[in-house]
Amino acid sequence: MQHDFDLPIPRRHSNCVKWDSPEAANALPMWVADMDFRVAQPIIDALHRRVEHGVFGYTIVPDEYYEAVISWFARRHHWHIEREWMLYTSGVVPALSATIKALAAPGEKVLIQTPVYNCFFSSIRNNGCIIVENPLIPEDGTYHIDFDDLERKAADPQTKLLVFCNPHNPVGRVWTAEEMERVNTICLHNGVKVVTDEIHCEVVMPGYKYTPFASVSAECLDNSITLNSPSKSFNIASLQIANIISNNAETLQRIDRAININEICDVNPFGVVGTIAAYNECEYWIEQLCPYLNTNYELLRSTIEQSLPKLKLTRLEGTYLAWIDIRGLNLSSDEVKNLLLEQALVLVNSGTMYGDTAGEGYIRLNLACPHHYLQEALSNICKTLSQKS
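Residues 119 to 507 in our numbering are what the sequence shown lists, from first letter to last.
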């Protein structure tokens, strides 16, 4: 089956966060992380069938759901998950919050690797825990883990968790097995559990390979809790479903208790049938999506090289989110965001969303749109920033 990623889908006036938020009213929105692509047809068909039933009461998550998740990760990523390792909930952010609540007491410390997804900050703070940053090192157009700094901070007996992001939002790294093994060795030695957000796991550029943290070794499996969802990869975030995966029964029991305390133990029937259809019938969509996104990335890269020499593009290995170094403009991240919104009519994210220090001097731009949207946005950006370059 062939999918038309060039097909324009009008999203304004559909109560869409990305297009209908006040900031985006007159702009091309290249900010919040969802895609402007029509969802794969088998997912739409499955949802139609469920809607036709006409009754939308409380739902049971069936065996077919677990089988679909287990089969997907086994055949695509060689990670063998047992059903009893899985808990479902309404999203990866609720899953993260419940996991922090279960495994770290208020006043204890949680490590994050900045710049990083903004909800990591809020989930830690909302649970009364203390954020400790292990800043990533920008070097040669990409980012590396500061293992020495990680070891120092993990050694603090008050540090209980590392929230890891694989692939990493916003810097676009797809971490290698060797890097993850080293992270786990440090954490395991210091009694720090790894909570790994792998929501972008299917969006990987040509030449790179996503490896689930828990699949790297038996030690990584034993010391980690994986959070994943089909939401980002298949553009079904509003179906609101995610999984928490751990092989430790006691850990899962504690997280399950936190899920119930947070009242996020129920999911809707559309998330269930959407997940089953995505994992059982839509592999073709992912196989076509990633090269399409890579073409957008290459267009952005060539545009920056040819027309915006003061900008530097971070190498994109995974996700559909470009991380752009704008320090050569001698403007702050917020200033560039506002300039692009007001003059280029393009809405991007300021890097400071992802860490006040680690994100300053960068912007994040969402590439998950038809080619012609991106071409229009880049034309406007060039007209605005070329005066600064």
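Hints are computed from structural coordinates only; laboratory data are not their basis.
Check the hints yourself; a few may be wrong.
[To be verified] The calculated lysine-lysine pairs, modelled on DSS-like cross-linking and capped at a C-alpha distance of 25 Å, are:
| id | residue 1 | residue 2 |
| --- | --- | --- |
| 1 | 278 | 327 |
| 2 | 327 | 430 |
| 3 | 428 | 501 |
| 4 | 428 | 327 |
| 5 | 428 | 136 |
| 6 | 271 | 327 |
Against which earlier hints does the structure fall short, listed by number upward? Numbers 1, 4, 5, 6 - these are the hints that the structure violates, sorted from lowest upward.
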